[in-house]
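Following the hints, position chain B against chain A.
Each protein sequence line maps, in turn, to chains A and B. Residue numbers for the first sequence follow the working numbering, so the first one is 2 and each next one is one higher. Residue numbers for the second sequence follow the working numbering, so the first one is 400 and each next one is one higher.
These aren't lab readings, by the way, just hints derived from the structure by calculation. Predicted model, so just to flag it, every value in this text is computed and none were measured. Idealized CB from N, CA, C, for every residue including glycine. Mixed in with the good hints, there may be bad ones.
[To be verified] Residues from chain A shown here face chain B by an in silico Cβ test under 7 Å; the list is partial:
1) Ser56
2) Val58
3) Pro60
4) Ser82
5) Val84
6) Gly97
7) Met111
8) Trp201
9) Ile205
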Amino acid sequence: MAMTRDVVMRVEKISIVRDGVTVISDFDAQFVRGTISAIIGANGSGKSSLLGAMSGVLPISRGVITLNDKNLNDITIVDQSRVRSVVAQNQRYTLGFSVSEILSLGSPSMPRDLFEATLEKVGSLDLADRSVLSLSGGERQRISIAHALIQDRDLILLDEPLSAQDPASAARLIEIFKELRQSGKTIIFVAHMQESDLLWCDQIVKTLAQ
Amino acid sequence: MTGHSFRSSLSLLVLMLVASVLALSLGAADIAGTWSAILHPFTSTDSQAHQIIWQIRAPRIATALLVGAALGVAGALAQGSTNNPLAEPAILGTAAGAGLGVLVGVLCNLASIGSIGAVLFATIGALLTTLLVFELSHRNGTTTALQLIIVGIALSAVISAIVGLTISMVARPDARSVSFWSLGSLALVQSEDLLHLAPVIVLAIIAAFVIAKPLDLLSLGDSTAQTLGANPKRVRLVAFLVLSILVATSVSTVGTIAFLGLAAPHIARFIAGPGHRKLVIASAFIGAIMLLVADTFARSIAPPNELPIGLITSLIGAPVLIYLVRSRRQVWL
Numbered sequence: 002m003a004m005t006r007d008v009v010m011r012v013e014k015i016s017i018v019r020d021g022v023t024v025i026s027d028f029d030a031q032f033v034r035g036t037i038s039a040i041i042g043a044n045g046s047g048k049s050s051l052l053g054a055m056s057g058v059l060p061i062s063r064g065v066i067t068l069n070d071k072n073l074n075d076i077t078i079v080d081q082s083r084v085r086s087v088v089a090q091n092q093r094y095t096l097g098f099s100v101s102e103i104l105s106l107g108s109p110s111m112p113r114d115l116f117e118a119t120l121e122k123v124g125s126l127d128l129a130d131r132s133v134l135s136l137s138g139g140e141r142q143r144i145s146i147a148h149a150l151i152q153d154r155d156l157i158l159l160d161e162p163l164s165a166q167d168p169a170s171a172a173r174l175i176e177i178f179k180e181l182r183q184s185g186k187t188i189i190f191v192a193h194m195q196e197s198d199l200l201w202c203d204q205i206v207k208t209l210a211q
Numbered sequence: 400m401t402g403h404s405f406r407s408s409l410s411l412l413v414l415m416l417v418a419s420v421l422a423l424s425l426g427a428a429d430i431a432g433t434w435s436a437i438l439h440p441f442t443s444t445d446s447q448a449h450q451i452i453w454q455i456r457a458p459r460i461a462t463a464l465l466v467g468a469a470l471g472v473a474g475a476l477a478q479g480s481t482n483n484p485l486a487e488p489a490i491l492g493t494a495a496g497a498g499l500g501v502l503v504g505v506l507c508n509l510a511s512i513g514s515i516g517a518v519l520f521a522t523i524g525a526l527l528t529t530l531l532v533f534e535l536s537h538r539n540g541t542t543t544a545l546q547l548i549i550v551g552i553a554l555s556a557v558i559s560a561i562v563g564l565t566i567s568m569v570a571r572p573d574a575r576s577v578s579f580w581s582l583g584s585l586a587l588v589q590s591e592d593l594l595h596l597a598p599v600i601v602l603a604i605i606a607a608f609v610i611a612k613p614l615d616l617l618s619l620g621d622s623t624a625q626t627l628g629a630n631p632k633r634v635r636l637v638a639f640l641v642l643s644i645l646v647a648t649s650v651s652t653v654g655t656i657a658f659l660g661l662a663a664p665h666i667a668r669f670i671a672g673p674g675h676r677k678l679v680i681a682s683a684f685i686g687a688i689m690l691l692v693a694d695t696f697a698r699s700i701a702p703p704n705e706l707p708i709g710l711i712t713s714l715i716g717a718p719v720l721i722y723l724v725r726s727r728r729q730v731w732l
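Okay, chain A solo, but in the shape it has when bound (with noise of 0.2 Å):
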């Protein structure tokens, strides 16, 4: 029982079908609390799907999703939110928000202090007032995790998180996933990247073309 509470999801034979075609065939999985999870796989293998069957944003033919135990299905959007923050792989604004003003989407009452320390965590304290619109892709990148991060859910759901960065910033990303497993938050990405460079992970989940 010990181990069923410390699993805080639990991916169950799920299928995904998406434009008729099906993307995830009878895939199991589970993620135990404070830990790094990598999910990787071939182009086209489900990857992104998964993750985002796994966010409550896509839904699943087959199979069960649990989320602390409970059937995903079975919790509210707004509950959903309290638990898990998701970070999109290519996120794109629409809209002239100043960095500051999107970062406290979701977050209101949050005081300036925490989105600048947050915003010098991601090594992109500059960007604070600027709109988000004059944004490089992997300014977008670290300003999307920052707002997962500024949400301070137990669970982050990442897609790609260091596909656009540098060196640099990639290392500073993957301190910070570190520190986040030590105070107890899990996190699962996706990830396009060898085996051999996702060692500092707990574990690694591998999607298979269908």
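Frame of chain A; chain B shown alone:
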């Protein structure tokens, strides 16, 4: 509200009041004692100047302000809820659907033109058409800006054709009066219209203000909005409902007014920024001022002729929009 946005709102309010007073003084009739009647609204109430200014012009000005505010906010809701800078009531099919709704109500003898029943049918037609446009433009779980625009224009054309053909075929004069809606005008507005116009529009604008924060989240895309705790479908449905009420109320009173729903929110965004709370307020002010100025021009430039107001809103709004888009590029996209 921050100091900057308070000052912006105050400036827009002052501008609106100044424009209203000027509009009271301008008109086709060349009347003596205009300013005296404006400055003393409660004395000499039986003078000709007083009657023209306070019984003819004032209700028309109030209607222009209310309908302009409604269309400005409707545009902000259309753009915010679809995350699309080109969305506006005419493009989303909302205005055409309102016309079809009223026609159905009138032909089924369930509503008469100018009644609250007509507004109700207009709202239902507007909402169903807007939802249909959004659903038809949805492919593979997403809607691109282009898909939405093409489907919206196409469906609006189909509905307008159905309305036009039906009006041509039936021999009822009340159904024919629906066709006047395609030529927006404030000339036929009665002061009694304000009794149902004002509360409905004010309540709908308050509702738009309430859903402003979730609309900010929708700008991040449906998936991200959902992971942050918003329900995109529900937020969009509420926005479409409020949008439909605003458009139906406006259209069933003064007809279709071109360009205002598109231009007002874009102009407002330069003043208030992208956040929807400030944007709703600024769009209401900008829409109100634009329609008032357009209507004042329409009735006073070439008296006794009234110029088509939709052409004037386009003539005023479009150059301002082009200037703003060229002078500062980071508005949207």
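Against the structure, the hints come out as follows:
no.	hint	result
1	Ser56	holds, 6 Å
2	Val58	holds, 4 Å
3	Pro60	violated, 10 Å
4	Ser82	holds, 3 Å
5	Val84	violated, 11 Å
6	Gly97	holds, 5 Å
7	Met111	violated, 13 Å
8	Trp201	violated, 25 Å
9	Ile205	violated, 24 Å
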